[in-house]
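The task is simple: from the sequences and hints, build the whole structure.
Residues per chain, in single letters:
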Amino acid sequence: MNKTNLRSERHRNQRGPDWGRAHGGVAVFLTACITLFPQPAQAFVAAGDRMFPGTLILPQIAPTDEAYIQGATPFSGTPVPLDFRRTDAIWFFGKTLTEDLAIRLRDVYTRLDPPSRSSRYGWQTLTANAQYEAILDGPHEFLFSVGVDRQFGGTGKARVQPPGFSGVGATVPSVYFGKGLGDLDIGYLRPLAISGTFGYLIADKSPRPDVLMPGFAIEYSIPYLESKVRALDLPDLIRGLTPITELFLTTPAGQEHGTTTTALIAPGVSYAGEGWQFGIEAMVPVTRTTGKGLGVTAQFHVWLDYLFPNSIGRPVFSSP
Amino acid sequence: MRNRLMRRRTVITAVATSLLGFSSIRTAQTAQQAGMVVAASGQCFAEAGGQRRALRIDDPIYLGETVDVSAGAKLQLRMADGSIISLASGSRLKINNFGIDTVGQKRDARLTLTTGLFRAVVSPLSELSIFEVDCPAGTAEVRSTDWFMEAQPGSMRVGVLAGRVVMTSLATGRRVTIPSRWGAHLEVGLDPVPARLWRSEEFADVIARTDVS
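Note that the protein sequences, when read in sequence, are chains B and E.
Quick note: the first sequence uses numbering that gives the first Met the number 0, first residue 0, plus one each step.
Quick note: the second sequence uses numbering that gives the first Met the number 0, first residue 0, plus one each step.
To be clear, the hints were calculated from the coordinates, so they are not data collected in a lab.
By construction, the Cβ of each residue, glycine as well, lies at the ideal position given by its N, Cα and C atoms.
Incorrect hints may appear among the rest.
As a list, the in silico SDA-like pairs of lysine to any residue whose alpha-carbon atoms are at most 20 Å apart [said to hold, decoys possible]:
1) B:Lys227 to E:Val187
2) B:Lys227 to E:Arg174
3) B:Lys227 to E:Pro152
4) B:Lys178 to E:Arg198
5) B:Lys227 to E:Leu169
6) B:Lys227 to E:Gly153
7) B:Lys227 to E:Val211
8) B:Lys227 to E:Ala170
9) B:Lys227 to E:Gln151
10) B:Lys227 to E:Thr176
11) B:Lys227 to E:Val165
12) B:Lys227 to E:Thr171
13) B:Lys227 to E:Ser154
Chain B stretches covered by chain E per the calculated footprint, using a threshold of three residues with CB under 8 Å from any CB of chain E [said to hold, decoys possible]:
14) 53 to 62
15) 309 to 317
So, in structure tokens, the structure goes:
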């Protein structure tokens with residue numbers, strides 16, 4: 000499932016989060032995770048010795064057996080009035096069919112809180128994805144995948160969706176890539192990596208517009224620094240961290256139907272344990288048309304191929 | 000007169016050589032047997048105390064010996080606990096310890112892979128059992144599993160077909176747990192690289208290199 004689809008809608012109708020409450024809960028959760036599982040990171044999507052951590056805004060760049068839950072209180076935007084508060088709870092499940100091919104399902108349960116009125120609840124459009132890893136070059140820490148999302152029209156509730164979007168499905172062919180810089184002789188910059196995606200959303204019908212959706216993430220992996228460059232005497236918490244910044248753009252292609260170009264930047268950090276990862280990112284609108292204020296999103300990711308390598312975490316079609 | 004002296008020297012030399020040989024054989028025979036050769040191809044040797052003997056099928060392997068598999072050769076051992084170790088071409092493995100208790104439920108196996116690649120199918124014993132292999136970069140510890148370890152100058156890597164292996168960096172003490180179908184890499188002086196799924200081609204490669212049949 001391409002998370003960017005959700006963002007393209009989310010940007011229009013958000014309000015700032017409850018920062019105090021969000022910070023407190025996240026801090027407690029993260030502390031509990033690290034206390035309970037103080038082990039070094041595991042690679043989830045990997046090209047050679049390079050691991051690409053799960054991203055919170057952009058889609059995963061290669062097939063894996065995984066599941067996550069994610070919460071988000073995005074920034075305010077249009078067309079939903081600015082005084083609406085929105086909270087999303089996201090679930091995601093990915094299953095490999097072969098080593099190179101996976102299918103995924105994802106949906107979002109949204110709560111909208113208009114001022115002086117009762118809250119609205121409902122599911123967004125269910126999305127399925129198929130992704131195929133076409134190139135994996137371990138020595139050069141490079142991978143390239145292709146995929147397609149299908150948003151099933153009619154599966155979401157109109158009361159939580161932008162006008163005109165409800166009931167209209169879409170198809171999103173996409174490409175994905177990841178490249179680590181560890182094969183270059185650049186010393187302490189070797190832990191840097193870049194990953195990204197480029198999708199083209201084709202709406203089933205008007206007034207939903209077709210949309211171009213490029214996105215990039217740049218990350219500096221402390222686990223890579225410790226295991227491939229130099230072992231610094233850092234605390235356990237720091238050793239498992241990967242600071243990451245995601246950038247996601249949407250721009251209408253063809254008939255705009257009132258939509259405009261949006262840009263979101265999401266700086267944050269992820270911590271990887273044995274078979275799990277916790278990530279948290281701020282959501283910052285880059286342009287006025289994208290929205291106002293700040294949002295926050297947090298994700299708890301489990302890697303089924305690590306935790307259950309011989310059952311649910313195994314490709315459906317695999318050699319014994 | 001000179002002939003008699005020569006003959007006496009020859010006899011003394013022969014007796015001394017016999018005594019030394021007997022002594023060394025006796026040392027080998029009294030050393031604890033750790034395993035035996037069950038399959039071999041090419042030239043393989045066991046070395047200890049500066050002595051080197053060629054290995055053939057059914058030959059014993061003793062504690063303290065280093066098994067040397069020449070280039071182009073392969074060797075398979077069945078250890079005292081029933082574990083099977085298959086060594087790839089160009090490997091050197093030292094048997095530091097291979098103790099089994101009287102009821103065969105507790106094992107203390109400590110090996111050193113100086114260089115090369117092996118596959119170990121480690122028999123399941125009690126929780127207290129130790130099966131540990133070290134190399135210059137780190138150690139790998141298992142209970143019961145089917146796994147591979149390769150030691151190269153400056154690094155090691157482990158791949159696991161079944162079970163779990165814990166790989167520890169000698170330099171930093173950091174460890175990584177590797178489940179089945181996963182593998183990990185470790186460079187000298189650094190933390191282990193995070194484990195990742197090994198692809199079927201990677202397993203096929205190490206299986207082929209350690210397949211003696």
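For each hint, the structure was consulted:
no., hint, verdict
1, B:Lys227 to E:Val187, "holds, 10 Å"
2, B:Lys227 to E:Arg174, "holds, 15 Å"
3, B:Lys227 to E:Pro152, "holds, 15 Å"
4, B:Lys178 to E:Arg198, "holds, 19 Å"
5, B:Lys227 to E:Leu169, "holds, 15 Å"
6, B:Lys227 to E:Gly153, "holds, 12 Å"
7, B:Lys227 to E:Val211, "violated, 34 Å"
8, B:Lys227 to E:Ala170, "holds, 13 Å"
9, B:Lys227 to E:Gln151, "holds, 16 Å"
10, B:Lys227 to E:Thr176, "holds, 18 Å"
11, B:Lys227 to E:Val165, "holds, 19 Å"
12, B:Lys227 to E:Thr171, "holds, 13 Å"
13, B:Lys227 to E:Ser154, "holds, 11 Å"
14, 53 to 62, "violated (count 0)"
15, 309 to 317, "holds (count 3)"
Hint check: violations occur at hints 7 and 14; the rest are consistent with the structure.
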